[in-house]
Amino acid sequence: MFLACIKSERLKLKHSNIWIAFVLLPVIPAVMGTKNYLNNLYILQSEWSSLWTQETLFYSNFFFAPLIAVCCSYLWRMENQNKNRHLLLTMPVPLRDIFLGKFASIVKITIVVQLWIYGLYIISGKLVSLPGFPPAQTFFYTLRGVLGGMVIAALQLTLSMIIRSFAVPIVIAIIGSITGLLASNSPYGAYYPYSLMMLGMNANKTEDMLSGSANIFLASSLFYLTLICLIAVLILKRQDVHA
Amino acid sequence: MRIFFTELKKIRHRYIWLVYGAVFVVLTLWIAWCMSEMDFSDISGQEYFYLLISLSLMNSIFLPVTLACGVSRLCDIELKGNTFKLLCTMQPRHSIYHIKLFLNSLYLLVFSLAETALIPLIGCYYKVSQPLPFLHIGLFFFTTFSVSLVLSVLQQTLSLVSVSQLLPLFVGVGGTFVGIFSAFFPSQSFFFRLLPWDYYFIGCPINMYYNAATRQTTYFEIPFPKGAFFGFLLFGIFIYFLGKIIFMKKEV
Amino acid sequence: MSKNNFVIQTKDLTKSYGKPGEKKDVVKKVNLAVPEGCVYGFLGPNGAGKSTTMKMLLGLIKPTNGEISILGTPFISQGKAALNEKSRLAILRQTGSLIESPSYYGHLSGRQNLEIICTLKNVPTKEIGEVLSIVRMESQQDKKAGHYSLGMKQRLGLAGALLGHPRLLLLDEPTNGLDPAGISEMRELIRSLPETYHMTIMVSSHLLSEIDQMADYVGIINKGQVIYQDSLLHLHEHSRKQLRLRTSNNSRALCILNENEINCTLENDFLSFPETSDDTTAYLISALVREGIGVLRIEEYQKSLEDIFLSLTGKQVSL
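Line order of the protein sequences matches chains A, B and C.
Residues 1 to 243 (the UniProt record's numbering) are what the first sequence spells out, left to right.
Residues 1 to 252 (the UniProt record's numbering) are what the second sequence spells out, left to right.
Residues 1 to 319 (the UniProt record's numbering) are what the third sequence spells out, left to right.
Chain A extracted, bound-state conformation (with noise of 0.2 Å):
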């Protein structure tokens, strides 16, 4: 039932042409990320590691929650227009499936578009004639990038499931990405949602964020993921269904 959910989650993005966003969206921060790696070689000396500092600073800090937010909204305004909710929720699956299977498609779009910006980054390094490869060190980051993105897109999911608007919910998420980038900065950082893809992506920094907290981090992460989509499959149950 689950896979049927996924399926049909995707049948229904099928000519909505939401690709281009996230294939074009991720050049700006690398192009722009990469000229500004050139402008400052003075300061930024570590080869592929500055890099990395530069291409995901904005990206993760004020980029990645609008655009997953805008993904969210958009999977729930074609269930709120033309009284599809009635339709999806008079289906014979479970309504734990029904948000999984949303929830699903976001990771998936999450993972391509953190496997992007990361051969971007590889692109982009060797147009500025950077030696050999990248430290792997990076690639890890990306993968703990996903989890932290995870939990912002089930967060977001919830959000516009629940608010039926398209636009509130990426100004939250406006709002969530500048806490987080607060709150990042501080000890506090792992125990919020919004800063845990920051941290993951060892976002404008050299040195490990995580290094001797990455247990705080995981944990912090699946229990997020766990209580939002407990919460949000709770509401799915208890809610009257309004189209």
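Please note: incorrect hints may appear among the correct ones.
[Stated by the list, open to error] Under 10 Å between C-beta atoms, here's a sample of chain A residues computed to sit facing chain B:
| hint | residue |
| --- | --- |
| 1 | Asn-17 |
| 2 | Ile-20 |
| 3 | Asn-61 |
| 4 | Arg-77 |
| 5 | Met-78 |
| 6 | Gln-137 |
| 7 | Cys-229 |
| 8 | Leu-230 |
[Stated by the list, open to error] The calculated SDA-like cross-link candidates involving lysine to any residue, where the alpha carbons are at most 25 Å apart (straight line), are:
| hint | chain 1 | residue 1 | chain 2 | residue 2 |
| --- | --- | --- | --- | --- |
| 9 | B | Lys-80 | A | Arg-77 |
| 10 | A | Lys-83 | B | Val-178 |
| 11 | C | Lys-29 | C | Tyr-17 |
| 12 | C | Lys-121 | A | Leu-95 |
| 13 | C | Lys-241 | C | Glu-299 |
Don't read these hints as lab results, they were simulated from the structure.
Keep in mind it's a predicted model, so treat the numbers as computed, not measured.
Glycine included, every Cβ here is placed at the ideal spot set by N, Cα and C.
Put chains B and C on the given structure of chain A with help from the hints.
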């Protein structure tokens, strides 16, 4: 006037002011946090310049996508209820376009005024030593309001045309992105002057120079880029007419 | 009819909205009984609670109180909002529905919309061709659903509801937006479904004439309460011709008619009884005259279904 009040009635329960209000509150908290963390000896005598450049930077980060949200919310009521076909039979089409633009510019005016008022307020609260630079604060207000207005014309055009609202919001996110990076290219190359989202920063009368050796930041005044800004406003007017033509031609 | 033959059964089904103290019952103690293999017409003026009731049957809205049992499976008992997910799925697997206006994803074609439903219902996609031909929209299947006319969307919605051969079909105002030809086509289709596919159909409408032409059973709901529920035939019996008689001594005449085994009632200042043959009528009149009762008026009177409906719902509705 009647149309204006109708428009006000339509946006009841939409809490559009909340979108701008929430962003304003967050900006205020952020700038207050920055000030409280600040070692004032570093920026002694330049506190207002610091505030001006920080707020310009924050504007360029958050306003593009905030505007996209606010405008989208304003236009989306018609798309959701499919009311264009109703409205177009009751009022001239251009008035739909104009009234939404006017209403949004009111929000922007309040937002810009509030943000401008924030500068002396924070200055007083932290008892800064620099005398109030009236001219610069005036320019800040002008930049914030006019750039926001031009960007909302752009967003409105996209929002009225896009049924899914995806395009305008992605443009907003992209604009935010461009805005951030503009701040990191002090060269102000010609390329950046072509991007409308950069003008929050381009129109800022202050610039800064970071000396990596001494780890000192110096703020200095720069002449207002009259030519570039004039070009930008012309661009705004062009988008306004273009948007109007597109909307007038749109089939309902 | 034994209890097991009811496909839908509700007991004291209630839904109220609003704060405690000033609660408003949208649906009030509704006891539905829909027999298997019939077309059940759910009739009521706009805003009577038809859609709310049907949404509760589908689990979209949680009842404030009452019990629901569908296809023999208890769905909600004792007004517990926490419904059992397993029975919900078991019921939904055998149910097709079309609630309020039809649902569709506007950016996808009609066929792609049905593919999504097939995936979720776990039904092979080859059934799509079949349901498309049932609702006669094969030629339009590759157009974007957002560009369909209202009637086409309604057909698409019905096609989606028919996928997977459900045993129970809940249709809320299915003829909305259809042109006259479409309405009669839809009516024929609904009429034929119980026999061809062994389905039970609950169809709601605010048009009496429509229900009259397709239903076997009728439930009439008004202001949240079911005020009539029985076979359509029984409703028609109410509309048989009546004779009205006014005499100089009505109570005396009532006795005489009753002695002659005529089921007669006294209403206001006249007597009314079911139509009799001409001979019987002549005989009765002469019997009255023999007893010295003056016959002042005699008239034939027919109550229409509309009259019955109006007297039941107590208000002028669109008919």
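May I ask you to test the interface hint for Cys-229/A with respect to chain B, counting a Cβ-Cβ separation under 10 Å as satisfied? violated (25 Å)
Quick check on Asn-61/A please, does its C-beta sit within 10 Å of some C-beta on chain B? holds (9 Å)
May I ask you to test the interface hint for Ile-20/A with respect to chain B, counting a Cβ-Cβ separation under 10 Å as satisfied? holds (9 Å)
Would the hint on Met-78/A stand, with a C-beta cut-off of 10 Å toward chain B? Check passed: Cβ of Met-78/A comes within 9 Å of chain B, closer than 10 Å.
Distance restraint between Lys-80/B and Arg-77/A, which requires alpha-carbon spacing of 25 Å or less: holds (10 Å)
Assess, step by step, whether the Cα of Lys-121/C is no farther than 25 Å from the Cα of Leu-95/A, and give holds or violated. Given that 25 Å is the threshold and the Cα spacing comes to 14 Å, the pair holds.
So, as I understand it, the hint says Asn-17/A touches chain B; can you test that by seeing if any CB pair is closer than 10 Å? holds (8 Å)
Under 10 Å is the threshold here; is the Cβ of Arg-77/A close enough to any Cβ of chain B for the hint to stand? Status holds, d = 8 Å.
Mind checking the alpha carbons of Lys-83/A and Val-178/B for me, to see if they're no more than 25 Å apart? Violated. Lys-83/A to Val-178/B sits at ~37 Å, over the 25 Å cutoff.
Does Lys-241/C pair with Glu-299/C here, judged by a C-alpha cut-off of 25 Å? Within the cut-off at roughly 10 Å; holds.
Closer than 10 Å between Cβ atoms is the bar; does Leu-230/A clear it against chain B? Give me holds or violated. Since chain B brings no Cβ nearer than about 27 Å to Leu-230/A, farther than 10 Å, the hint is violated.
Take the C-alpha atoms of Lys-29/C and Tyr-17/C, compute the straight-line distance between them, and say whether it is at most 25 Å. Given that 25 Å is the threshold and the Cα spacing comes to 14 Å, the pair holds.
In this structure, the hints that do not hold are numbers 6, 7, 8 and 10, in rising order.
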